[in-house]
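Peer 1: Make the full structure from the sequences, and use the hints.
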Amino acid sequence: MAEPAAPKKKTDIGPPHYEQFLHPVVKKNYGKWKYHEYLKPGVLVHVAESGDKIFSVRAGSPRLISVDTIRLFADLAEKYCGGHLRFTSRNNVEFMTDQQKNIDPLIKDLNAKGYPVGGTNNSISNIIHTQGWVHCHSAATDVSGVVKAMMDELYEYFVEAKLPHKLKLAAACCLNMCGAVHCSDIAILGIHRRPPKINDATVANVCEIPTTVSSCPTAAIRPTTVNGKASVQIDEDRCMFCANCFTVCPAMPIADPLNDGISIWVGGKVSNARTEPMFTKLAVPFIPNNPPRWPEVTDVVKNIVKVYASDAHKYERLGEWIDRIGWPKFFSMTGLEFTKYHIDDFKHAGETYKRSTHIKFQ
Amino acid sequence: MAEPAAPKKKTDIGPPHYEQFLHPVVKKNYGKWKYHEYLKPGVLVHVAESGDKIFSVRAGSPRLISVDTIRLFADLAEKYCGGHLRFTSRNNVEFMTDQQKNIDPLIKDLNAKGYPVGGTNNSISNIIHTQGWVHCHSAATDVSGVVKAMMDELYEYFVEAKLPHKLKLAAACCLNMCGAVHCSDIAILGIHRRPPKINDATVANVCEIPTTVSSCPTAAIRPTTVNGKASVQIDEDRCMFCANCFTVCPAMPIADPLNDGISIWVGGKVSNARTEPMFTKLAVPFIPNNPPRWPEVTDVVKNIVKVYASDAHKYERLGEWIDRIGWPKFFSMTGLEFTKYHIDDFKHAGETYKRSTHIKFQ
Amino acid sequence: MATGKKIDTPLLDQLEKGPWPSFVKELKGMAVRKPMIQDLLGQLEMSYREKRGHWKHGGLVGVMGYGGGVIGRYSDSADKFPACAHFHTVRVNQPSGWFYTSKALRELCDIWDAHGSGMTNMHGSTGDCVFLGTTSEELEPIFKELTDKGWDLGGSGSDVRTPSCCNGPARCEYACYDTMDMCYNITMAYQDELHRPAFAYKWKFKFSGCPNDCVASIARSDLSVIGTWRDDIRIDQNAVKAYADSGMDIRADVIRKCPTACMGFDGKAIKIDNKQCNHCMHCINVMPKALRPGKDTGATILIGAKAPIIEGALLASVLVPFMKLDKEDDYQEFKDLIAKIWEFWDEHGVSRERIGECIQRVGLGNFIEEIGVEPIPEMVMHPRTNPYIFYEEYFEEGDAEGAEEA
Amino acid sequence: MATGKKIDTPLLDQLEKGPWPSFVKELKGMAVRKPMIQDLLGQLEMSYREKRGHWKHGGLVGVMGYGGGVIGRYSDSADKFPACAHFHTVRVNQPSGWFYTSKALRELCDIWDAHGSGMTNMHGSTGDCVFLGTTSEELEPIFKELTDKGWDLGGSGSDVRTPSCCNGPARCEYACYDTMDMCYNITMAYQDELHRPAFAYKWKFKFSGCPNDCVASIARSDLSVIGTWRDDIRIDQNAVKAYADSGMDIRADVIRKCPTACMGFDGKAIKIDNKQCNHCMHCINVMPKALRPGKDTGATILIGAKAPIIEGALLASVLVPFMKLDKEDDYQEFKDLIAKIWEFWDEHGVSRERIGECIQRVGLGNFIEEIGVEPIPEMVMHPRTNPYIFYEEYFEEGDAEGAEEA
Ligand code: SRM
Ligand code: SRM
Ligand code: SRM
Ligand code: SRM
Ligand code: SF4
Ligand code: SF4
Ligand code: SF4
Ligand code: SF4
Ligand code: SF4
Ligand code: SF4
Ligand code: SF4
Ligand code: SF4
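Chains as they are written, first to last, in the numbering used here: chain A, 80 to 441; chain B, 80 to 441; chain C, 236 to 641; chain D, 236 to 641.
Just so you know, these hints were derived from the structure itself, not from any lab. Backbone N, C-alpha and C fix where the C-beta goes; we use that ideal spot for every residue, glycine too. Misleading hints may appear alongside valid ones.
[To be verified] Incomplete in silico selection of chain A near chain D, CB under 10 Å:
id, residue
1, Thr-303
2, Ser-342
3, Pro-364
4, Gly-405
Peer 2: Quick look at the structure:
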């Protein structure tokens, strides 16, 4: 008995072709740009081989924005840029115009609506972040809140370009690290600190027990039987709170108001400029969640930025600066405590031990 | 029934105190040396704060030496050095005198007996090596022979100091690496290439089966029963020929004339000068044993030395030179083949993959 | 579904203060006409008070015919906040380089305003326009309106995730290949793989025009394409002089920072030993008017980056040091490579194992052998340091001398 | 045991040629009066012909009261070469720095000529005088004569191995502590541990006077003591000038090679930012007349080096960045540290696991906690990059706010 054919659905059309969205000057000079200059914080000019110029004005955005705000951006794009705008890989919005005279009025309008212009050159640009309590079931913190609190404190570094070099921040709400936490100059990471609590009554119904057991990277999970029902148990000493078991088994919630919080990481980078890309390294293992403004977290971050700003050489990313001065000096200059938690004990831990006598005495 | 007390044995007296062996000038200026100079290859002078001088003449030795040769060294020490001599951490013999005029006659006598003087400063000093077929049950090659053949070919670099910097060689006859193979500028390593053959008849008698099974780093060994006798079996695909099982179980000989041979390693160092200590890296995975002179091995080594000599900067150790020019260039300059065997696949393999776009195109 | 009623949010209110634009203001703005957001604010305030999230674990929802593109989300406090009981997100595949016109954005806004919460992420970390908060019933209508206007969903689950690229040739002088075109081409070529999860785990493509890597592809993509060049850096010595005259300390800021020490400056002109240059971009970044990448451009293909779960984070590693990316040939060389890799992954990948982890498990040497790529030293930082070599052949006693057995 | 008869050794004969002194000549020299060596030559020639060794696996022999110091060795071809059927080695503990007098060497030679093959290794890789080739019956007589003359055996098996040191203050201006004295002191302090294997595996001490590490201690010892200083490098600017005048290119050879870029040279004088200096020794090595280590000297204590079997080779890692080595106090601080480490190893070490492997298994952080050493950043190249932190405490629901549970 064949079902009546549904009206054929339009699928797999993919995104619209980008060309239709390009500013005419961009389209004309596509692939033929010659150089760029920074006119002021947040304002770039790109000059083409033809001599044409395109001016870009970059405005900060909270990323979590309403359609009304998008429409506001559209209004401004129409007013100054023939309707052309884009977003950056850091979720800023960029307005593009070939009319240099439009720059200041545009900035004025943006500022009036509460959107700062900046984030280019040697500044702190927008913070890459993730869902947090706003939308994700895994979150150990709310990164929208943390990011807002941080950017308020770091505002001057967005609107001025006064750091030794670019400083890239990221924040993620759990170890899945949706974003760039593992390779940022400074990263904020939501972290659990207590093993999942097992809901023995529902494990057998909602989880596949072998998958759950094998999901644990440290083999902390074993099958067991509780009140005649199949369940799992956790060897708490082996648990490092990665939540991977929770991802595959909802009956093992790990979020816990008393023990969730934030860790702070430093010295990663992505670009290949000068040095190879680097992972971030642990700076502060744990700070309890303190919403709505996480003052302990913003203090630490602000302090790291200040010390970096005062001591790094020009063109030195944060990780390059630390490599030059050494980690002992980083900890002493920032006043952060070095603990046994900073010493790696995962798979390649041994590779991080100091295997030379290259030591600086202070 | 108490046994009659044996005459009390002298034990635990330790080595003789070194002081009694020191040259009077050494004893007088102990800990008060000011600087040294190289007078010529193999000849050092150390100048004390007091102005005293001690001259050292370093002679090459095959290390495997007879008491007659030691007595010859004793004779020469008596003739020129008041009976004072020492051996170095590379098994050279060093004659010490406070009489500069004794140097040349001593060198003449040494040369006449077949002992070259050199090995100081920017030279190839003696090769650290191990037992080989002369004394060890584990050997995959005979390093005494390989070393003799190599030093014959590299002789000029011992008696002259004409390299960019010190070049430290080591050779070991099996993966136990008794010596310094894992951190030498160039290293020769005897290597097996076929899984152990199991003597099922004797395993149960001479080996502890659980220990044998757990000795294998790749878990290639399983217990089994052959003709009613307990034995073990090897999953050949998992075996990487480390011989660790043979060390704990003699009934699993791994030596095999057809498949034993030599691998060549480069770019390690121990000193902390400039760069941190480094492990050696694989240059040639396998060359079959070709006694008595292993010409294929000496050719490769000589060629590496020549390329290094021609291209490295002053004070650049071999590994530092390669770090500067890059491994692709090293392989192309030496004409050595890069194979999948060069790509690590052990525990920390991933850490050796190239994780950046820092590439030099040639 | 009951209507969200306005409640006090004293904690969130504190996040309306301060100079940085406030997501709370954004939410409150929408809450006025969207009960769903009013209740979301309520639930979020509760999260801030209790210091914990209030979403249930996952939930499979989607549009007919697709396996990905929608993330199901249900509140665990639907009794208190019924309007956001369902709060699914829709991932809409962004255009290359996140370029829009105001018209296009308005169309998207209108669809979302009609069928969803009105809240968005512009953009998600993978690159999609993320539409935050709708109910299951709205999904098909949203999908229909989107496709009618020329938009499609992005990826989620074990599929090709929405590819993304830097603005490249559209607005950057450094672009060594056409990131925008290639991102679009690849997205279109793998529509099926993008919409219908059939892999062992997710697969991310990212395209950066040069080694500055402005989409962080080396850190976040299973397959990272990073532009580079293999001829000489182009130098405009007049512009060099102009920089010097304008007070730039070329020795300190450029020459001494070159990681390969392959540059020289005699006070007038810059010299580069291009065979030693490792294409790090630093000198070009500092002096864009004077220095430019060469003209023989293409890209380095790298494989296997990912976040830490569960074996530790990986950066992508070099698979092909240099590939010409031939638009005319529809990127066929690249696509052939992908086909071989996916074939390998299909056969050897285990569930929830990214390609990077898979390669580590089987060994890079075996991996490239299987996909038919030659081993070259460019693939490694350095050759192995341990002597545990899995020789694949040995002589048998009976063998004729010189004959090797497989 | 039959007498070794002279046989042809055409392969080995080829190793008598060439300029480097020949071990074959050495063997042949002894073979004239030692049947054991005559047969050894025969067996070795057979090995060269067949390309394989001819020794049986191990064999437990030794002297009464000792568990180490002798390596048993038996031929697998005793029928053909009966004189070397037994061919044990005796390890004699060398004096600090391998300093001898001709008289002392002659005593050793006489003992070995009387009771052994007359062949030696001067020295073994660990540092011992290795006497190669004797039979079980000769062991006690050898031991008695050795001890009568003031010599003792070295280590073997799972014990403290014979410590060794560079010549240090005896003949080197760089020595930052008295390697010779400390090596002797430690050897004497642990005689019992050296002679009677009671550990999980071997334990090696090596002592180098400065970071040049001329006994390769960082690569080959479980406990490596490497001299260093923590005040300023001493500079003799006149000597600097003299080097410059004599044609040394100080900028190229010294300043630019300083790994921390902490040196400056204005054409006349050298300046060092000593807080940035990492004590690599390079500048001092190149200009020993002008530069010297500071006066506040001591040593870095490193732990855990070893060859690759079986988890991969390890370099030693920093345990104590700087320790004053107090001779007057009999190195008590150092010995206290060793006592704690051995206590830990006793409890946690598994058989055939070196301390370096053991530390990796339990984690350096846990290790230092157990031995009572504070964590400091000097111990690591960098802090962890993975987020898998084993927090040891968490709050329980009932806990009073702020109280932590163990
Ligand atoms: C617009 C954007 C690309 C896009 O398609 O969206 C972009 C655009 C430019 N980048 Fe970028 N980068 C952008 C994200 C990145 C990222 C990714 C990220 O931030 O997550 C990176 C790698 C991050 C890292 O290394 O951790 C990145 C690393 C660079 C670098 C390398 C800096 C360094 O020395 O390490 C340069 C060169 C420079 O700054 O001298 C660069 C240079 C540039 C230039 C100057 C290129 C050009 O000639 O147009 C552009 C303006 C830079 C500026 O803002 O000062 N861009 N750039 C992204 C802007 C994000 C934002 O809103 O702030
Ligand atoms: C929405 C988004 C975060 C955001 O706020 O932007 C996101 C959200 C989630 N990610 Fe992600 N990931 C997002 C980009 C990323 C990225 C960044 C990227 O793609 O460049 C990463 C790191 C790169 C990588 O793939 O390794 C990332 C690494 C993960 C992981 C860890 C994967 C791994 O192999 O290590 C998980 C866990 C999983 O897959 O089970 C995960 C899982 C999730 C889930 C599906 C939660 C889960 O456990 O099932 C989240 C759904 C949240 C929600 O309710 O919406 N997400 N996720 C991003 C996708 C938006 C978009 O389509 O544009
Ligand atoms: C005699 C000896 C110590 C001993 O107690 O036996 C010794 C003695 C000296 N070493 Fe050494 N080193 C000795 C083995 C080593 C070793 C260990 C080894 O060879 O296995 C090393 C570490 C090896 C490595 O790094 O792989 C070693 C790394 C150095 C260095 C660092 C070189 C570098 O730049 O990497 C120096 C400094 C230099 O050469 O400028 C040095 C410098 C010196 C000086 C100049 C120190 C001094 O002022 O007296 C001595 C003469 C060096 C020469 O031969 O040119 N010594 N030296 C050893 C001679 C062995 C031989 O017969 O050749
Ligand atoms: C004689 C000597 C080689 C030489 O020609 O100089 C030697 C010879 C043996 N070593 Fe060694 N090792 C010798 C120094 C070393 C060194 C170097 C050192 O001590 O500085 C090492 C590398 C450093 C280290 O300890 O890691 C070394 C690492 C090994 C290993 C691997 C240990 C490991 O943990 O990786 C083994 C295997 C074992 O212990 O089972 C081993 C085992 C052996 C055995 C006992 C063979 C075995 O499998 O049981 C060899 C006995 C040969 C024989 O018949 O005489 N030998 N062995 C060296 C001792 C002479 C002396 O006392 O002065
Ligand atoms: S980082 Fe974790 S909590 Fe945050 S969005 Fe990704 S999966 Fe969810
Ligand atoms: S949180 Fe991670 S470590 Fe802990 S039990 Fe779950 S999977 Fe294992
Ligand atoms: S390296 Fe191997 S074969 Fe050579 S002496 Fe050591 S254990 Fe024996
Ligand atoms: S040689 Fe090594 S890898 Fe092979 S079976 Fe024996 S222990 Fe295992
Ligand atoms: S990656 Fe390179 S080409 Fe692309 S935007 Fe950044 S600087 Fe330009
Ligand atoms: S691109 Fe980098 S490596 Fe190449 S010349 Fe410029 S600074 Fe040097
Ligand atoms: S380690 Fe240092 S102190 Fe000892 S001999 Fe070598 S250079 Fe001299
Ligand atoms: S010892 Fe090394 S780091 Fe210190 S000043 Fe000299 S060269 Fe520089």
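Peer 1: Each hint: holds or not?
Peer 2: Evaluation of the provided hints:
Interface restraint check: Thr-303(A) against chain D, minimum CB-CB distance 22 Å, threshold 10 Å, status violated. For Ser-342(A), the shortest C-beta to C-beta distance to chain D is roughly 7 Å, which falls under 10 Å, so the interface hint holds. Taking 10 Å as the C-beta contact cut-off toward chain D, the hint placing Pro-364(A) at the interface holds, the least distance being around 6 Å. With a least beta-carbon distance of about 8 Å to chain D, the hint placing Gly-405(A) at the interface is held under the 10 Å criterion.
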